[in-house]
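Enquirer: Letter by letter, the chains look like this.
Number of protein chains: 4
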Amino acid sequence: MVPDVSLHSDGFNPFGDLIGLEFTCCQKGYSQCGLVVKETLLNPHKVLHGGVLYTMADTGMGAALYPSLAEDELCATVEIKIVYLLPVRSGTIACETKLVHKGKALAVLESEMKGPDGLAAKALGTYSIFKVRKAAP
Amino acid sequence: MVPDVSLHSDGFNPFGDLIGLEFTCCQKGYSQCGLVVKETLLNPHKVLHGGVLYTMADTGMGAALYPSLAEDELCATVEIKIVYLLPVRSGTIACETKLVHKGKALAVLESEMKGPDGLAAKALGTYSIFKVRKAAP
Amino acid sequence: MVPDVSLHSDGFNPFGDLIGLEFTCCQKGYSQCGLVVKETLLNPHKVLHGGVLYTMADTGMGAALYPSLAEDELCATVEIKIVYLLPVRSGTIACETKLVHKGKALAVLESEMKGPDGLAAKALGTYSIFKVRKAAP
Amino acid sequence: MVPDVSLHSDGFNPFGDLIGLEFTCCQKGYSQCGLVVKETLLNPHKVLHGGVLYTMADTGMGAALYPSLAEDELCATVEIKIVYLLPVRSGTIACETKLVHKGKALAVLESEMKGPDGLAAKALGTYSIFKVRKAAP
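Those sequence lines, one after another, are chains A, B, C and D.
Mapping to this note's numbering: the first sequence position 116 is 130, numbers consecutive.
Mapping to this note's numbering: the second sequence position 32 is 46, numbers consecutive.
Mapping to this note's numbering: the third sequence position 44 is 58, numbers consecutive.
Mapping to this note's numbering: the fourth sequence position 81 is 95, numbers consecutive.
Just chain A, with the same shape it has in the complex:
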C-alpha cells in the first residue's frame, strides 16, 4: 500500500484517511486505490454512500494526474459526473483511474469503481492545471 496520494501531498489526505482510502498505484496517467466497506460509510438504505464512491474517483483522478504535472504545477477538480450501476453493501471497492486527455490548462480523467458484484460506478471528470505561486524568499 502506498499511503501518499502523490509526492506533492506528503501523504496528507485527511478525508481520504477518514474513509479508509489506500492507494496501491500512482503513476503518470494512472492510479489505483481501494477501501473496505464499513458501517460508517453507509447511507440510510444500508448501502455504501454514493459520496464514498465519488470521493474515490475524485481522489483517484488527482492521484493519476499529479505524476503527469511539472514540478511547479498543481491541479484542482473542475467538475465530475458519476453514474451508479450497482449498489454495494459490503466487501472491498477498487477504483481504477485513467487519464483520457491532458492539455496545457485542462485534463480529462475517468474512473471505474468495482465492488464484489462488478462495476458499481463510473466517473468522467475535468481538472484544471495551474502554476504554483512561489512564496517570496
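No incorrect hints appear here.
Copies of the same chain look alike in the list, so a pair counts if it works inside one copy or between any two.
Result set (DSS-like, lysine-lysine): computed pairs, CA atoms no more than 25 Å apart in a straight line:
hint	residue 1	residue 2
1	K128	K60
2	K116	K60
3	K128	K112
4	K60	K42
5	K60	K145
6	K42	K128
7	K128	K118
8	K145	K118
9	K145	K116
10	K118	K60
11	K52	K128
The hints are simulated quantities; they were obtained by calculation from the structure and are not laboratory data.
Fit chains B, C and D to the given chain A structure using the hints.
Expert: Coordinates of chains B, C and D only, in the frame set by chain A:
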C-alpha cells in the same frame, strides 16, 4: 436541526453523521443541510474535499425527493454532476436543494453549496423512483 | 430577432442557421434564443432530437458568456451535461441561459429549454476563457 | 454504410440525415457512425459545432442500445455529459459507442468521437428503457 434525512430513514445515516451533516429543512421538493469544515474533511491542499461537497448534494437531493414519494416508493441516485466554483478552507457550508422535475420513474434535482465566500459548488442530478418490494408476512 | 451570436462572431453561425436558431437577447451573463420545431429536427421517434436542444444550450451559453469577456478573450466549451425532462413534438422552444460563475480561466453556465408543455431540458456547462493570439501585422 | 439507426426506426432519422450522419455498425451494445465536416456544421469560430459531436454521441448511444432491447421495449435519453478535447476543423469524424451497463429500466453508454488529430470528444450517458404501449386492436 432535524437529524432525520426523511421519515423513511429513521435518522439512520452513518456517512452523513461521519462528516457532521445536519438537516435544517426537509419538505416536498426542497431541503437544506449544512456542516462545519473541520480538519478531517480536508484534501491534500488543505481545502474542503470535493467529496464532502458532493456528499452534501447527494444526501440533500435524496432528502428533497423523499417527501414527494408515495409511502411504498423508494429512490436511488442514478447520476450526479458537480462543478466547483470556489475553494472552501473553513467555516460553515450550507447546501440548498430543489426538485427540478419529477416523473413516474425519474426525478431531477439541483443543489447549491454555499460557503463563507459565496457559491462554492453546484450539482445537477438524476434519481430513479421505484416501488418497495414488500416482505412476506 | 438578433441574428448575431455576439459581436465577436459577426453573425457567422452556420450550424445555428441550419437548425433555425435565432437570438432574442444577448447581454452580459444572459442570453435567450429560440427555434421552431420542424421535421428535419426530429429523431427516429418523431420527437425533437436531443442534439437540437443540446445545440441551443451550447450556443446560448457561448452567447451569454461573450459579452462578459474582454476584447482580447475568446471562449470554448469544455463540457456540458444536459438532462431531458419532457419530449417535444412541435411548437416553439425557448432557451434561457444564465452565467453561474466566471473566474479568470473558466466559467460555468446553465440553460433551460422550454417547450409548449413546460421545461423540456436543463443543461449545466463549463467554458474555458483564453486570450486571442494576435496575428503578426 | 447502414443507414438505419435500428430495426425499430425504419431508417427514419431526419436530424441525423440533416447533419450527414451514417452508421457503419449497429450491434448489441455497440455502434459506429461517422460524418464528414462541412461548412453548415461549423460554429462561429469555424470549428465543428459541439452540438454536432453531441448529436453523434446521442444517436450512437441509441443505436448501440436498441439491439439489446426486447421487441416491445423502447428507450429514451435521460442525460448525457460530453467533454471536448480537441477542436475539429475538417475531415471525417468517427463515433464509437459502447454499452457500459444495462439494467431493467436504465442503461449507461459511452461514446468516443475521433477526428483527424485524435480523440475530439467523449460522452457518458444514461438512457431509460420502457415498454411500448400497445395500440388497441
